[in-house]
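Listed in order, the protein sequences are those of chains A and B. First residue of the first sequence: 4, per my numbering; consecutive thereafter. First residue of the second sequence: 217, per my numbering; consecutive thereafter.
Derived by calculation from the structure, the hints in this document are not laboratory data. Yeah, the Cβ is synthetic: ideal placement off N, Cα and C, and Gly gets one too. You may find that some hints are simply not true.
Unchecked claim - Among the chain A residues that face chain B by a calculated CB cut under 10 Å, a handful are:
no., residue
1, 36
2, 40
3, 120
4, 124
5, 128
6, 129
7, 130
8, 134
9, 137
10, 139
11, 140
12, 144
13, 248
In case you want the letters, here they are:
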Amino acid sequence: MFQYIEKLGATTIYYLRDIGRMGLFLLQSFAGVFSHPFRFRETIRQIKEIGSSSLGLIAFTGAFTGMVLGLQGYYTLSKFGSEGALGSAVALSLIRELGPVLTALMVVGRAGSAMCAEIGIMRNSEQLDALECMAIDPFRYLITPKFLATLISVPILTQFFNLIGIAGGYLAGVVLLGVNPGAYTSGIEQSVVNLDINLGIVKSFVFALLIVWICAGRGYFVHLIRGAGFGAEGVSRVTTQAVVYSSISVLLWDYLITAVML
Amino acid sequence: MSRPIIEFIDVVKAFGTQRILDHVSVGFPEGKTTVIAGGSGQGKSVSLKLILGLIKPESGQILIEGQDIASMKRRQLNTIRTNFGVLFQGSALLDSITVFENVALPLRERRSLSRQEVHRRVEEMLDQFDLSGHGEKYPAQLSGGMKKRVGLSRALMLQPKIMLFDEPTTGLDPEISMEIYRLFFKTQKKFGYTSIIVSHDIPKVFNLADQVIILKDGKMIVFDSPEEIQFSVNPEIQSFVETTMGQVYISQDIEKLS
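Bound conformation, chain A alone:
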């Protein structure tokens, strides 16, 4: 009986500590922006790494998502004789929902996992300890540029995804299935309002924060995560964990933000 209580207590303390650590990690990451000297070049390099290098993947995903929406939307709307509403259906689905969520999931898979593994390996090979011993703040030097780069890149990638997706919907709906092009574009113009765009932007910022916080944080604390193991195996387990947690958080917060902003 007492064993169970002890285990429960130990687990509770572990998770409370973990939450506290992650909370402080977030604060220190933002505080790094104000530490001197700010690493501008490294931030630009990270934007290239997280943002520019993901453009191809985002374009590919966006194009096919838009094309599928075009196809599915056409067959559903044609049952009610409302093919003209295809443009607004594709645009609203992408801008409000699919654009931010799918972009975030792609960034988790491509950049988030790499970020977690890189920081985890640096922790295991004492590179982070070496920085601290040289009196170099690892947040300013390493974490903050990744935070800023992700916060800048993900919203831009999301808008890029939306544009390509709408074009994909046009290709499938107008070029392949013969929907009136004027109806497609004017449908978008008439149905998309500022609230839809704002909702998409807010979501993409929140998702970016969740991705970089969870992925960088898990990597940074790889040595403190219970049951992760040690060495390469520990890093691989924590990376998997970071990808799963980030993806779940994105979906959970997607619902919460939609519920609040609608």
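Using the hints provided, position chain B relative to the given structure of chain A.
Same frame as chain A, now just chain B:
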């Protein structure tokens, strides 16, 4: 012995229920070499991390030049840390930047120097450690011995008062180990730093020591000279001497090293 530059006062460090250091009080004399020895899991690396402020003790004080680092904020700690140079077990070179950038890192981050001056000092340091021409290589392209030399040159870049060596010769073949010890002698003579060496490489490493600390069951047993260990009446120390040093203490390597 000269006055201690580092002091542990009644330090307790535990991980879970296991006490690694149990009310330890010890001083590390300035300008001298202290070797910390002991079996695996006895707290050798933990002692180094405590000195560096990477971990905090449960209780007690750790004084660096009279200032207690156990209760310091990060900013104060960073000021103290500029006095330290550390050679890590695995060298801990940043693997995404070149050898040159690794060695230049402390200068770029902690000193306001012109680009030309940084370049001059780094080239000079690389030359001292026979690393000229390797500046553009990445750590993954270097041998174990070269990584140690890069690590040592990076650690010495800010001319530290205290050098900490965590298993400096682990994983190196005997010839490279001797080279590292030679570099140790050369650089200590030049820079005059206080050094603390954690090592399994016994008895070789004892030849470098002015003071030896043996960690056993959470306690630090201090010997003012390596010779003193041989004549200890403590049965645990006798057993340690027999298992690690054999019957003969004086190594032929002394002459080579000195």
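Going down the list of hints, with the structure as the test:
At a threshold of 10 Å, the smallest CB-CB gap from residue 36 of chain A to chain B is about 16 Å, leaving the interface hint violated. Among the interface hints, the one on residue 40 of chain A holds; its C-beta lies about 8 Å from the nearest C-beta in chain B, closer than the 10 Å criterion. Of the supplied interface hints, the one on residue 120 of chain A is violated, with its beta-carbon coming no nearer than about 13 Å to a beta-carbon of chain B, more than 10 Å. A distance limit of 10 Å between C-beta atoms decides the matter here; for residue 124 of chain A the minimum to chain B is near 8 Å, and the interface restraint holds.
Satisfaction of the interface hint for residue 128 of chain A is found here, the shortest Cβ-Cβ separation to chain B being roughly 6 Å, below the 10 Å cut-off. Restraint check, residue 129 of chain A versus chain B: the minimum CB separation of about 4 Å is within 10 Å; hint holds. About 5 Å separates the beta-carbon of residue 130 of chain A from the nearest beta-carbon of chain B, less than 10 Å, and the hint is met. Satisfaction of the interface hint for residue 134 of chain A is found here, the shortest Cβ-Cβ separation to chain B being roughly 8 Å, below the 10 Å cut-off.
Interface restraint check for residue 137 of chain A: the shortest CB-CB distance to chain B comes to about 5 Å, inside 10 Å, so the restraint holds. The interface hint given for residue 139 of chain A holds, since its Cβ lies 5 Å from the closest Cβ of chain B, which is under the 10 Å cut-off. Interface restraint check: residue 140 of chain A against chain B, minimum CB-CB distance 8 Å, threshold 10 Å, status holds. Restraint check, residue 144 of chain A versus chain B: the minimum CB separation of about 8 Å is within 10 Å; hint holds.
Annotation: interface hint on residue 248 of chain A violated; nearest CB of chain B at approximately 25 Å, more than 10 Å.
Hints 1, 3, 13 from the list above are not met by this structure, while the remaining hints are.
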